[in-house]
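Participant: Chain by chain, the residues run as shown.
Number of protein chains: 2
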Amino acid sequence: MKRTCGNGTLRKENAGQEVTLIGWTARRRNLGSLVFVDLRDRSGICQIVFDETMADSAEVKEIRSEYILQVTGTVQIRKDSNPKMATGDIEVHASSVNIINTADTTPIAVADDTDALEDTRLKYRYLDLRRPVLQKNLMLRHEICMTAREYLDSLGFIEVETPMLGRQTPEGARDYLVPSRIYNGKFWALPQSPQIYKQLLMIAGMEKYFQIARCFRDEDLRSDRQPEFTQIDIEMSFIDEEDIFATVEGLMQKIFKRIKNTDLEQHFQRITWHECMNRFGTDKPDLRFGNELHNISDIFSSTEFKVFHDVLQSGGRVEALKFENAADRYSRKDLDKLQDFAKTFGAKALAYLKYSQNTLSGSVAKVLSEQEKADIISRLALQEDDLVLVVADREKTALSALGGLRIRLAHELDRIPHEQIYKFAWITEFPMFEYSEQEQRYVAAHHPFTAPKEEDVDKLMSDPEHVLSRAYDLVLNGYELLSGSIRIHDQALQEKVFESIGLTMEQAKERFGFFLEAFKYGTPPHGGVGIGLERLSMVLAGTDNIRDVVAFPTTNSSMDLMSESPNTVDKKLLDILGIEISKKDSE
Amino acid sequence: MKRTCGNGTLRKENAGQEVTLIGWTARRRNLGSLVFVDLRDRSGICQIVFDETMADSAEVKEIRSEYILQVTGTVQIRKDSNPKMATGDIEVHASSVNIINTADTTPIAVADDTDALEDTRLKYRYLDLRRPVLQKNLMLRHEICMTAREYLDSLGFIEVETPMLGRQTPEGARDYLVPSRIYNGKFWALPQSPQIYKQLLMIAGMEKYFQIARCFRDEDLRSDRQPEFTQIDIEMSFIDEEDIFATVEGLMQKIFKRIKNTDLEQHFQRITWHECMNRFGTDKPDLRFGNELHNISDIFSSTEFKVFHDVLQSGGRVEALKFENAADRYSRKDLDKLQDFAKTFGAKALAYLKYSQNTLSGSVAKVLSEQEKADIISRLALQEDDLVLVVADREKTALSALGGLRIRLAHELDRIPHEQIYKFAWITEFPMFEYSEQEQRYVAAHHPFTAPKEEDVDKLMSDPEHVLSRAYDLVLNGYELLSGSIRIHDQALQEKVFESIGLTMEQAKERFGFFLEAFKYGTPPHGGVGIGLERLSMVLAGTDNIRDVVAFPTTNSSMDLMSESPNTVDKKLLDILGIEISKKDSE
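Residue numbers (our numbering), protein chains in the order written: chain A, 1 to 587; chain B, 1001 to 1587.
Accuracy of the hints is not assured; some may be wrong.
Unchecked claim - DSS-like, lysine-lysine: derived pairs with alpha carbons at most 25 Å apart:
{"id": "1", "chain 1": "B", "residue 1": "Lys1061", "chain 2": "A", "residue 2": "Lys571"}
{"id": "2", "chain 1": "A", "residue 1": "Lys509", "chain 2": "B", "residue 2": "Lys1572"}
{"id": "3", "chain 1": "A", "residue 1": "Lys333", "chain 2": "A", "residue 2": "Lys366"}
{"id": "4", "chain 1": "A", "residue 1": "Lys583", "chain 2": "B", "residue 2": "Lys1186"}
{"id": "5", "chain 1": "A", "residue 1": "Lys583", "chain 2": "A", "residue 2": "Lys571"}
{"id": "6", "chain 1": "B", "residue 1": "Lys1061", "chain 2": "A", "residue 2": "Lys572"}
{"id": "7", "chain 1": "A", "residue 1": "Lys84", "chain 2": "A", "residue 2": "Lys12"}
{"id": "8", "chain 1": "B", "residue 1": "Lys1572", "chain 2": "A", "residue 2": "Lys583"}
{"id": "9", "chain 1": "A", "residue 1": "Lys343", "chain 2": "A", "residue 2": "Lys354"}
{"id": "10", "chain 1": "B", "residue 1": "Lys1343", "chain 2": "B", "residue 2": "Lys1306"}
{"id": "11", "chain 1": "A", "residue 1": "Lys571", "chain 2": "B", "residue 2": "Lys1509"}
{"id": "12", "chain 1": "B", "residue 1": "Lys1572", "chain 2": "A", "residue 2": "Lys186"}
{"id": "13", "chain 1": "B", "residue 1": "Lys1572", "chain 2": "A", "residue 2": "Lys520"}
{"id": "14", "chain 1": "A", "residue 1": "Lys373", "chain 2": "A", "residue 2": "Lys354"}
{"id": "15", "chain 1": "B", "residue 1": "Lys1343", "chain 2": "A", "residue 2": "Lys2"}
Source of the hints: derived by calculation from the structure; they are not laboratory data.
For reference, chain A alone in the conformation it holds in the complex (with noise of 0.2 Å):
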């Protein structure tokens, strides 16, 4: 059962070599009096020829697709060759054939062009896994962890294996629950990151840890997540920013020469969340275009467009977002079709302009005024066909909306560069709270164990809606690609920060009980980030889709079609783990 060498590594230069080769027919053609037949392994495809004495055989005649073989035979140089083949060069002629093993037809043909339906393919997922192109995102996913363990390991990291049976978080909504049998009636939880044993790691005096590290989350459709994800967890002592954010660039630059062979940038450059809000609309810019909005309300200060007008009065923005070259690619039905868009992101309207023969036409030219008009063509330096999008709203909604727009516009004009381009930047000085309209109260934007800005301290009482953290995201091409944050090391600030979103001492222990007890023992300063592993893997395999980059995904609903699991379990299961199942759903 032995072979000389891969299918896919054979060249012009091993023409003359007697090879033995294994794989899966990818592909059976008669040719006349000749097989060919194209034989897969992991490493590629290679062409088998069987000569007309051959031919005949009768293992020669069962060969189907699929089928296992083990051929010997010798290279030959390609009287045609095929240039779209890297082994289009050579063919090997076949002097002897093995099956291996047969195989039925196949419900999906196995190849990178497929047309099967994706539910079908989860289904024969074993099936789908032999088309090179996942095979090859499955290797480059296993090349991320090995370059990212070999460099972490380089600087003294300790990759420590945290819990995955755990404790119920307080705002764990969206745990997964283990019921204990021992103990029945009390449930574990499934972690939705290592985030608190990674704390006590630091504690514990680690000083450098990392693990990469399943995490879970049980969240509701959504196409780009996955129930089980998996996250390159790091977490330091003794540091601040600055040496996160060169570890992460380091880790960055040897992933993105191992898989790409490119050099990225010594730092990553950095800009402010609200400079990035106020420039893109997001706090995940995708910086491989311009078209930055653009703060137009001082053009309005005494407008007598009423729509503009009341916004301004009641503490809003006009906000106004270029794109060149486009006003002639949209129709009214277009705009309309933004404009319900915009709604999505809570916008009341779109407006929108075109400047064209040096006027501006659309649907709000006739109620500005003629200096209104003057100031956007020159604020915005408007040439001919160029698009103008308005949205007069609250900041955050004006903001959002063009936003979305801008990241759909460029989508749709195609002005994102398609070649590989890697835009890292560094998102710094997050808002430590975010007022939350359904609890009536300030609460922590990233969790209330984020540091805030030193100089920010004494407005945790009396501002907190303009207290800054240590909180810090990496973004790359429009993705957050990790998040994280200097972590709060001394109790008293810590106190200040559950005072400021409004809770004792006392409610603090009883929602982070022992986890609190630890830090009384001598925490270091310490902080850290995770580094999503799927979107990573999905920018460097250069797919939007998360399945393309996971060995055995389930469905957008969390439905495993291959196992098909989630699935009922016999109740003597459950009488043992001392649990039912719900009258109401079970009957």
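Use these hints to put chain B onto chain A, whose structure you have.
Facilitator: Chain B in isolation, oriented as in the chain A frame:
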């Protein structure tokens, strides 16, 4: 917050250097006008000296155990070096100190030697983990994993993450279940091993897979198990036992070289299961000492001693175990204890003989004939003060009782070498089936996808008891480090195996469903192993407590004393999951 080096790295050669250290206060002593502090970080402990000028400072007066300090000072040779400390030749004379954080008095002392109760240590695991011995164990575990990954990667293995949320298996009484929120009344199971997924990856053509995989088994109280554990999981296609043995031997050589700087033998010895049971009474023999078992049945072929006669008549055997220089050490009372121990293996009795002054004495000496005694003396080559233990019983019982006694006496008599000796052995040719008294039929001894030995295939129906399988274990010093097998890849053979354990294909499909379906589409010959990471770490760390190699372990009864989990959860969460706690348990 920076340091110039690790505390444990300073040596004589550093004398005269100015250094900045960071760490936890392991100990503080006042000596006259001087203050000594042992400062501990992950790299070790260094002695700091505060002289008269500093000892009176507010900072130095404040220092207590586990305070975190940053100290700058000069390395000086100690007058009285401390050979017990790696840094015992030097001390750092402080010129400045900065208290990075304070600490309350810790509930347990942070030192390698501890008399704290294990429950207290588990409750304050983050303090327990500051003990250098545990930090070393976590680093060792990390190094094992790094070595394994680098080695397997270099051989072309690809690490693939398989799902944690999987399908409940028919034999899964030991599965942890996870209720589904989206599909109320349905459940996932956490994997006992990635067995099915790794075989699917072979069917998917990944050819060489590995994963350092978290596994789960909901077992009753056992001191050497944890509810979650980790397996170095390997599977390969187009291979036989020789490839797997070579791969694993290479892996062990790399690991033992890196961790212990020990060169293991190139090939590990192989012992068939049958031979192993006969020589050691167990399938996980400790080969660091001799004292093999002796089948002495033939000596009693015409015995007049009724007990032995009856046992032999009914197909049992008389089995003996000799320990040198032990007769005098075992009193009648000690031997009674051994008899009680033998009974825990199901043995009806334990006989003993002592050899002294050319005479056999002991429990059965009087009832044996002179010839029988002479035969025993010569067969076992008895010498002065030898102790012989004899069990006459059913084969399995006699072997396992003496196998257990062999280990017990070796410990009691201190016959296991103290130096680090690593005796590996492959145990091969396990029986394919074992008879289940409970189910009144033969069941698969390993799992029903294990391949039988080729020459035994035709005995599958006629003589299942004597069919040997292609399963194997690797044992080390009495521990089972791994088990694995060559799997069936031929559908006709698979059907035969199901038939021999009384399953029709329909029943088999009901139980193994999609997995059997997958086998139809071109399954390669394949096989693999799962290596117990905790076992391997325990051997290398020199501990027999599994909690010494797990960062956050549970008690023997699966309780995490630190986070107090499992715990009760809000009824609202259970409502969302569509489950409730059974009344009998909750009321």
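Participant: All hints are to be evaluated individually against the structure, with a verdict given for each.
Facilitator: Results of checking the hints against the structure:
| no. | hint | result |
| --- | --- | --- |
| 1 | B/Lys1061 to A/Lys571 | 65 Å, violated |
| 2 | A/Lys509 to B/Lys1572 | 22 Å, holds |
| 3 | A/Lys333 to A/Lys366 | 19 Å, holds |
| 4 | A/Lys583 to B/Lys1186 | 14 Å, holds |
| 5 | A/Lys583 to A/Lys571 | 14 Å, holds |
| 6 | B/Lys1061 to A/Lys572 | 64 Å, violated |
| 7 | A/Lys84 to A/Lys12 | 15 Å, holds |
| 8 | B/Lys1572 to A/Lys583 | 15 Å, holds |
| 9 | A/Lys343 to A/Lys354 | 21 Å, holds |
| 10 | B/Lys1343 to B/Lys1306 | 20 Å, holds |
| 11 | A/Lys571 to B/Lys1509 | 21 Å, holds |
| 12 | B/Lys1572 to A/Lys186 | 14 Å, holds |
| 13 | B/Lys1572 to A/Lys520 | 33 Å, violated |
| 14 | A/Lys373 to A/Lys354 | 11 Å, holds |
| 15 | B/Lys1343 to A/Lys2 | 51 Å, violated |
Hint check: violations occur at hints 1, 6, 13, 15; the rest are consistent with the structure.
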